[in-house]
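Chemist: Please model the entire structure based on the sequences and the hints provided.
Sequences listed follow chains A and B, in order. Take the first sequence: its position 18, counting from 1, is numbered 17 in numbering that gives the first Met the number 0, and each next residue is one higher. Take the second sequence: its position 2, counting from 1, is numbered 1 in numbering that gives the first Met the number 0, and each next residue is one higher.
Bear in mind the hints are in silico, worked out from the structure with no lab data behind them. Keep in mind that the hints are not guaranteed to be accurate.
Just so you have them, the derived chain B footprint on chain A, three or more residues with Cβ under 8 angstroms [claimed, not checked]:
id : region
1  : 42-51
2  : 65-77
3  : 100-113
Residues from chain B shown here face chain A by an in silico Cβ test under 8 angstroms; the list is partial [as the list claims (entries may be wrong)]:
id : residue
4  : 17
5  : 20
6  : 27
7  : 38
8  : 43
9  : 51
10 : 58
11 : 61
12 : 64
13 : 67
14 : 109
15 : 112
16 : 115
Ideal placement from N, C-alpha and C gives every residue a C-beta, glycine not left out.
Protein chains: 2
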Amino acid sequence: MSVTETLSAIDPEAVAETQAAAPSEELLRLVVEAFQALADPTRARILYALVRRPMRVRDLAILAGVSESAVSHQLRFLRDRRLVRSERQGNAVIYTLDDHHVAALFREAEHHADHVRLGLPDHPYRIP
Amino acid sequence: MSVTETLSAIDPEAVAETQAAAPSEELLRLVVEAFQALADPTRARILYALVRRPMRVRDLAILAGVSESAVSHQLRFLRDRRLVRSERQGNAVIYTLDDHHVAALFREAEHHADHVRLGLPDHPYRIP
DNA sequence: GTATCATATGAGCAGTTGCTCAGATGGAGG
DNA sequence: CCTCCATCTGAGCAACTGCTCATATGATAC
Chain A
0 MSVTETLSAI
10 DPEAVAETQA
20 AAPSEELLRL
30 VVEAFQALAD
40 PTRARILYAL
50 VRRPMRVRDL
60 AILAGVSESA
70 VSHQLRFLRD
80 RRLVRSERQG
90 NAVIYTLDDH
100 HVAALFREAE
110 HHADHVRLGL
120 PDHPYRIP
Chain B
0 MSVTETLSAI
10 DPEAVAETQA
20 AAPSEELLRL
30 VVEAFQALAD
40 PTRARILYAL
50 VRRPMRVRDL
60 AILAGVSESA
70 VSHQLRFLRD
80 RRLVRSERQG
90 NAVIYTLDDH
100 HVAALFREAE
110 HHADHVRLGL
120 PDHPYRIP
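Modeler: Written out as structure tokens, the structure is:
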């Protein structure tokens with residue numbers, strides 16, 4: 000057996016094959032950005048609320064349990080990534096979900112959470 | 000109109016109603032952790048690869064385009080959160096997806112990416 | 001016009017994250 | 001035994017994130 004064969008003995012085609020099926024850099028960037036938007040407790044609370052109904056900043060701040068300024072910053076983040084949309088209504092600004100896939104993403108993540116909970120007993124990972 | 004009514008004129012029930020439907024803190028934590036796991040380019044590349052087939056650390060490092068040490072760190076992260084599972088095979092360690100919901104999450108995120116791309120032209124958000 | 005309410009924004013800072021580097025661990029083969 | 005290969009791990013650090021605080025903007029009511 001040659002040195003080259005020995006060095007990559009286990010899965011010589013794995014890399015090439017998987018590389019071909021990999022998503023484009025552009026798509027990967029967008030996908031990762033979508034997950035980043037959902038990967039924060041405050042933003043998740045905001046989006047969970049907006050899945051139920053459109054709401055103004057004030058109320059979102061109460062629900063998310065942070066200052067109105069903090070919510071406003073996060074809403075800009077979400078707006079820039081097209082997860083929410085804003086609309087003036089007199090003095091207030093009403094925010095709406097701008098993509099129904101958000102609800103689907105939450106559903107899938109909850110399924111994963113169930114998976115984690117069911118298998119938890121023997122697993123080393125504990126709440127930080 | 001009283002002061003109290005004026006202060007919460009737009010949606011007095013929004014908070015209470017949405018608060019009742021909100022997910023528990025425990026579930027929210029797990030959901031956010033799941034999204035955090037997917038919210039990094041290296042981890043996303045690793046998981047995209049593992050959706051295709053089980054693979055050893057070496058190959059994942061090549062596919063993710065980072066050092067084997069870096070991949071190992073990220074694999075521990077993913078292992079702790081039950082997204083992947085590891086199995087020794089002689090000298091190497093083979094990693095496998097530990098939850099088929101990962102593929103579904105990627106699919107949904109890709110749908111969102113399409114949504115973003117379709118609506119991109121008039122939108123202020125640009126690649127950082 | 002001024003005052004007030006609601007939201008937005010920029011600067012600054014503490015906490016977190018993902019990498020590198022050096023060294024440890026563990027199986028296979030001589 | 002010793003050596004090589006593959007993987008793991010801890011420390012340290014540069015970059016990023018999410019908040020607060022102060023201030024700006026914008027619409028309504030007077």
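Chemist: Hint by hint, note whether the structure agrees.
Modeler: Here's how the hints hold up against the structure:
no., hint, verdict
1, 42-51, "holds (count 5)"
2, 65-77, "violated (count 0)"
3, 100-113, "holds (count 11)"
4, 17, "5 angstroms, holds"
5, 20, "6 angstroms, holds"
6, 27, "6 angstroms, holds"
7, 38, "4 angstroms, holds"
8, 43, "5 angstroms, holds"
9, 51, "5 angstroms, holds"
10, 58, "5 angstroms, holds"
11, 61, "5 angstroms, holds"
12, 64, "10 angstroms, violated"
13, 67, "13 angstroms, violated"
14, 109, "6 angstroms, holds"
15, 112, "4 angstroms, holds"
16, 115, "5 angstroms, holds"
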